[in-house]
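Visitor: From the two separate chains plus the hints, produce the assembled complex.
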Amino acid sequence: MKLRALRVAAFRRFGSGVAVDQFADGINVLAGPNEMGKSTLFHALEAAFLRRYKVTGTQLDGMRPHGGGEPLVEVDFEAGGGSWRLRKQFGRGASAVLTDLASGQQVARNADAEDRVLALTGRSGDMPGPLGLVWVEQQRSLLAPSPDLDPQTGEKKPRGEHASLMDVISAELDAAVTGDAFEAVQQKARARLDVLLTPTRAGIKKNGPLELARREVAEITARLDEAKRASAAAQDRVERIAQATAELGACDTPAARVEEQARLADLTQRLNAAEAARVARDLARAALATNEAELKNLLLARRNAEDAAQRRTAKAAAHAEAQALVEQISGLTATINAEAITPAMLERLSALERAHDLANAKLSGQAVKVAITLAPSATGRLQVDGEPLVHDAVAEVPERMVIRAEGIADITVTAANAGEGAALKAKRDGLAAELATALAAIGVDDLAAARVRGEVRACHVADLDRARSRLSGLAPHGLAALTAELEALNAAAVHSESSAAGQGFDDALAKAEMNRNDAQARFAAANSAALSDETLEALKRDLQRAQAAAAARAADIARLTRQIESARAEQAGADEDGRAGQVAALSGELERAKAEDTRLTHEASALKLLEETMAAVEARVGTAYFAPVTRRLGPHLERVFGPARLGFKDQFAPDRFARGSVEEPVAALSDGTREQLSVLVRLSFAELLAARGRPVPMVLDDPLVFSDDERLAAMCDVLASAAAVPQIVVLTCRPSAFAALPGQRLVLTAWQPGA
Amino acid sequence: MTLRFIHTADWQLGKPFRNFPAALAGELAAARLDAVQRIAGLARGRGAGHVLVAGDVFDSVDIAGVELRRALQRLNDEADITWLLLPGNHDAARPGGLWDRVRRLGLPGNVVALTAPEPYALNANASVLPAPLTSKNPGSDPTAWMDTATTAPGVARIGLAHGSVRGFGSDGESAVDIAADRARRAGLSYLALGDWHGALRISADTWYSGTPEPDRFPDNEPGYVLSVTLEGASAPQVVRVASNTFTWAKLSVALASKVDLDGIERDFARVLATPRSALVRLTLTGSLSLTEHGDLEAWVETWSGRLRHLEVDQSALHTRTADADLDTLGRDGPLSDVARTLSAIATDEGHPQRAVAETALVRLFGFAAEAAREAAP
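One line per chain: the protein sequences are F and Y, in this order.
1 is the number of the first residue of the first sequence in this note's numbering; add one for each residue after it.
1 is the number of the first residue of the second sequence in this note's numbering; add one for each residue after it.
Rather than coming from a laboratory, the hints here were simulated on the basis of the structure.
Source: prediction; values computed, not measured.
The beta carbon of each residue, even a glycine, is placed where N, CA and C say it ideally should be.
It is possible that some hints are incorrect.
[What the hints assert, rightly or not] Taking lysine-lysine and the BS3-like style, the derived pairs with C-alpha atoms no more than 25 Å apart in a straight line are: (1) Lys-250(Y) with Lys-594(F); (2) Lys-425(F) with Lys-369(F); (3) Lys-594(F) with Lys-228(F); (4) Lys-427(F) with Lys-369(F); (5) Lys-136(Y) with Lys-228(F).
[To be verified] Computed spacing ranges between beta-carbons, pair by pair: (6) Thr-56(F) with Gln-353(Y): 41 to 51 Å; (7) Gln-544(F) with Ala-116(Y): 37 to 47 Å; (8) Ala-256(F) with Ala-116(Y): 22 to 32 Å.
One chain only, chain Y, in its complex shape (with noise of 0.2 Å):
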């Protein structure tokens, strides 16, 4: 017999994402909402009529009233799906807490919450062996009851957890340890584990699907589902499919002049497939003429008009006052007096005005720049 189903997790749904500008919080938050959607029609077209959810369906247990039911309406929307939900670490199930807020709202039929560790028949031929979590940090294992949990004969046994699994790079933020063979001890056929934001193979039969939508400037590979296909007693086939709407990077350049700015552009070209969907942090070192400094911000506005969101750490970018510099401002007139004591502060190292100088010699040169604009016809 086959059995496919969708392996996701780390939907964290109700994520505010209020330390961005109000527009973009709202569409990244729309965008995770989104992803039910989407995995729905991924499912739909993979033949799956499962998906499983490892793990921090919600961003919090705090979560707002009506925050609960805009999830439960879109699962509920998905009426040919079955969902089956597991509690994690950001939505983990005290009694009395976000779940039984989740019951009292009304599950819709086609929704399973994962609240307890018990097997679950997802049908003749297949159960799911849940291992919810209680608290932020349960103390121990929770997928340790799988090896001995009983469940008929010939039923492929299907794990699903949320936590990290210690040395293979996926420790992730949760401090849930979840034992790395554990498939292996519990006669899993597959495990399907949550908590790591990016997809991540652990092993033959131990998966990290990520979050299917980014929520951050990651160092792992999110914006993926996994569409897993059981057979017989033959290793699963798991595919990676991407489910993201934004994507986010991180990029870290050091600037030595502007023609490197370039190289910032061929970055992009190679990593954002379409900019205007893309989150970018950039992160400048190195060191600009004040003049390129204007070329720099010229370029910053630029490129903030074509991404979706751009923020650059300039913090580590330094100034060099050069003679073409002073030039511009009158080699011996005064603004080049301003300008030299100044720099002089600016390349002073151990000097506590540094940055100060900096930004002041950077706006020095804006306004003049600025002003012979304004002077010319």
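Same shape as in the complex, but just chain F (with noise of 0.2 Å):
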């Protein structure tokens, strides 16, 4: 394929259109400032070759110029041996008409004529074929010519230039490497698997039909299991409904149901009957209460009133006393003070008496003591002082004595002291007769009389003392107080006496004891008639048990009877619902299912060993694909940079680059060097490509911008000489860089569309 002619109109920097018309055969130079417009006509030429005409979106917006409008690409080329004008018309009223130039014929329109340029311009299947391998944008050039990969998004998709490489190639090699079907069997297994896998083959791919499979395998179980439990719970109910019957059959007795009520109503009888003889007692113990009480009251109104006549009997004796009393004090009174001799008196005289007593001491002590002793026949014979002695005599001569002898002599005896003994004996002689005087008064002879007066005296005052000391006892406020009481007593004895005694009271008493014997015997009776608590709380015991039983079995029949209602309402329900009856269904979807799992897990592991060994059999033998690249490459690289070698990895990626004995990566190269490599590689596929019967143009835009003057001048050189190549087109803001380059210099026309 050979470009003629390129006419550009609203699009991206031309909003008016430009034309350039004079592309020759091989190398074909635009230069031009920056702003000229150079990348726009190759993405002019993008568009009219690679670009579908009825794009949309971001890729149409990228064409439009600022100023609006409906982009158009008119491009003129040789291929296939004729002369073809392709119009291209996008956005709005878009179109592609192809013209035959020879005859002026449009031959093609719209999708019809972009098939028909693809097969013109070498495409490779129904894919757009080996342009994009050779045609490099601007700064793009660094990048590795890597096959089907998208320069705009840096995706790998297949667009046929990797299999337009590999038809080339394949096209060299020996034929019985059959590259083509290779590739076939390839991509098909490949898109098998991507429908079942994810592409890096480690997982399912999501919503892929074997992800749905497992999916659905999970679903039908979780709605097997649902279903299952479904029939199991239609199961139970069944049992449930059976078993209820069953136990509601052997509960409801007609026999249970008349022995039940035959032991309630013996029960409850009893336990009334308990109950009334239980009041009887109480009302007869209460009477016995009322009656025992009665009589108390009876017998302590008798008591009281003895209490009280004992009490008036002992207060009348205490008056009688006192009375009596009162006339002993006053007699005794009478009495003492008759008595003359009264204790002062007596001691008086008693001292009176001492004091004599004294004075006779005195003189006795002061007096001669003379004893005369008579002879038997001297009786009367003497005399002293004057006075016939008629015994023997002792006698005390306080003063003088005169003895007188008849006859024969007075003897006078004379006391030494005589004038005291004189006035001692006028003293005791005086004392004498004061107390005779004294007792004579009160009537005496002698002390001793008086003291014996004075005894009965003093016994008179005790007397008197202990009437006194009585009487104040019994009648402490006096007689007259007794007297009111022992009054106030009896006229309440008067009382007392008529209510609390006498006939008519006996009988009541009588009448109260035997009361109280008769609710003492009823009680008894009614006491004995009572059953005992421990017996009534037993008898209450069986018949709460009894009630309790009764109604557990009507509750139990209740429970029994609506357990086999709800049963039954969920049959029907259920019945209805008929997700029981799923199990065999579901079972049947499982096992188809799981049979569609496994094929498909089958499938898939089966497309993955094919994929695998494909992957391993094309590394083994990939080598070999690479020989037609590096034979025409090999001369390029020695020109430029001496001997020197290139290798590929897989899909043509350029891998080590080797000068003389030192290897490197490609990706540890210089910009440059990178750029110089990735224009060589281009073309060298150029050159294979048109070896081959694919002739296409090669197009640079702004390339080897890292170059330095003597590497430019080298890569000058090689394109100049790349005879092979139909049309190289270079675009450049560097007109001098490329001054050496030979050929044809394009410039940009004016160009008015036309319809």
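Guide: This is the structure:
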């Protein structure tokens, strides 16, 4: 294919139309300043050959000029032995028209036109073909030429570049190596596997058939489990109905009902009787208590009355005694008052006597003792102080004594202190006289008698004291008070004796006693008739138990009835929903889904094994495929770099670059070297394509910007001598850099697009 | 006097067949329901007024209400026929279960559900002694009661039961044992059995009818009803009458080359009256070359169109990589390299990837052939 003319309107930088009309065979250089629109021309070429006329969205927006308008590209080219014009209108009114320039006839429109162009430019299958391989956009010349790599997005897409390359390479290789078929099988395996697994083959593709199959297995399994649960629940309901019906039959029998009623009635009746008996006993007990209280009151009244009588008697006695005491006191007082010999008087008398005796003693002590003992014949014959002496005498002579013995002599005996004696004698005699006078005054002979009478008086005084003390005890407030008390008691006695005594009272008492005894008997009878607390409680418990049992039975019946009803209701609902009946259906579905899963899993494994095996074989034989490229590349490398060799990875990506004995990874090379290699490899592709009957023009947009003068010159040399390539178009903003490059110089002219 | 009735069993109405594609499942289910009408037609044609169904009328005790209604309606539609239905292991008569539901829905007047083991007077001259199953596994011979069941003198006694008669190759799917000599012991003129899906004679007076419409790839002979004629004291006359819509067949064939496929076609012709209503399960063993595998695939596609349903189990069919196969790939080319690598695995019987490698080989050849066709002008 060779380009002859390119015309553009309303396309990116070009609002109005421009044309480049003088494309020649071999090298063409379009040099101009930066803003001239070289890259726009490059994109216009891409748009003509590699974009669908119907593009929309960002691709279309990328073509439109700032001022708006619908992009138009027209390209004249030679291919397949003819001359053609392809006119593509993008955006509104999009169209593609292919005209045979020889005849001027439109030969195809729109999709047909594009299809024809692809066929003319050497497409592979239904993919665009090799143009992208050898068209290098500005600033992309650094990128290693990688077939099927979209320069816009950096993604690999099947654009037919690799396939084209393989086609032409295979054509050069030994005919036995059926590269075409290998590639086709590989693509078919990949396409099939892409549907099942992720691109890395590590996982299952989302929403792919295998994932759907797995999901279906899981979903059906879940539904089957649910159906099985529903089925089990249905069976369980049937069992529940059967069991509840059986239980109901066993518990709700007529015999059980009759027995239960009889037992309840019996217990109720017995309990009622027992409770009545207990009420009667309680009443009897109350009556007994009343009667006993009544009797007790009567007895108390009686005792009170008796006590009062006793008190009155005692009071009367006391009163009588008190009266006697009053009289006694009166008498005693009189007696005492009548007796003159008071203790004081006695004392005075005694004092007198003691004074007398003292005086006498003193006289005696003063006196001379004269003892006369009479001869038995002397009796009376002696006179002492004139007195015949008849007996022996001992006399004390205070003063003098004259003893006369008649006839014989008077014998005077005089005391030594006769004077004192005489005084003492006078005093004694005076005292004796005073005493005697005193005694005489009271009518007694001597002191002893006075003393006797004094003692009698003392006795009376003591009696009086006793009587008074007694009286004070009996009537502390006096006899009058005592009398009043007695009279009050007497008055009270009149009343009490009349109520608590007498025949009426005795009768009442007797009657109360009888009533009490009767009540006692009745209580005893009622008490023995009433049940004991324990027995009654036991009876109550029996009844409660019987009632509880009846209630429980009724509850059982109600519960079972409810159970049956609810199970039947559930059953009716479940019958219609039919979920339980899905078990068989879902089991079948699960069987199918599992089989499908197994089949697809097996298929994926098989395709994966095929893919892996093919990749391994490809790697083994792959190097053979690079030979046609390296053979052409060799001289170019030699020319630019001296002795050098470039190694490829798969997909024709340059891998290692060897110069002399030094080998480096391509990625480690300088920008300039990488760019030069990239252009040279593409040139080799273009040569290979041309050699295998698919000549395409090579287009370089602003290339080799990183190259020094020496290398640039060498590169220009290589390009200039690449005679096999039908056409090389260089777009550059550095005219001087490519001044040495021979060939056509292109210019932009204005273009008015016609209809 | 002469009494003629139809003996059938194992209808399993409501069986979903969902292990088959949906459309086929629908046809199979419909064919089972349609069997009621076909049986009624056969009965009429033979002057039989009664159809005795020996158990498994319904596929499941959980059968949806609508399916029950549909079945009862079909029976009701054949109003001149009296249908005697016996509960089997699939539709056992639990209290409160399926047959109570049937009664709640309302039994048509011409349908009798024999859910209790008590004589049912067919007419003045014959009584049916049914042995309904009340559970999947009753644990005792449900026909034992027939020995002592009393019927009027001179009345023909017809037993109706569902279960297995051991030792007669009729070990059915249920776990119910029935004495082989029950008919003799209970004085039965005829014992109509169900459970064994094929038609089978146990003795002159004891028969399995089998299912009237096959429902599986059989080991026996399904697809019949029995027309039974009782005449006096002589042995019953039993006639097998085909009643099926679909034919189910399973075949196992060892392949050595694609020529053997012709043998399979001859088998089809022998076994299948009408291929378009046949369901076939084909199990293939042996081995084919890779090219022949392609032929087999084409053959299977062809016959999948001719038969109503064809399932082919190739898991035991192996591949051979022949020289001729490699030639089609380019003898020394990279595809042959791939084929040889895979073939090494595919022929290694102990290799865990063997089956996968076989399929990978088949795919490799398939893709290559496809690519060759596409490349051809």
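Visitor: When you take the CB atoms of Ala-256(F) and Ala-116(Y), is the distance between them in 22 to 32 Å?
Guide: Because 28 Å falls inside the window, the suggested range holds.
Visitor: With a cut-off of 25 Å on the C-alpha distance, tell me whether Lys-136(Y) and Lys-228(F) pass.
Guide: holds, 17 Å
Visitor: Need the status of pair Lys-250(Y), Lys-594(F): alpha-carbon distance at most 25 Å?
Guide: holds, 22 Å
Visitor: Do the alpha carbons of Lys-427(F) and Lys-369(F) lie within 25 Å of each other, as the hint requires?
Guide: holds, 20 Å
Visitor: Would the pair Lys-425(F) and Lys-369(F) pass a check requiring their Cα atoms to be no farther apart than 25 Å?
Guide: Roughly 15 Å between the alpha carbons, so the hint for Lys-425(F) and Lys-369(F) holds.
Visitor: Does Lys-228(F) lie within 25 Å of Lys-594(F) when you go C-alpha to C-alpha?
Guide: holds, 18 Å
Visitor: Verify the CB-CB distance for Thr-56(F) and Gln-353(Y) against the hinted window 41 to 51 Å.
Guide: holds, 47 Å
Visitor: In this structure, is the beta-carbon distance linking Gln-544(F) and Ala-116(Y) contained in 37 to 47 Å?
Guide: Because 45 Å falls inside the window, the suggested range holds.
Consistency note: the structure conflicts with none of the earlier hints.
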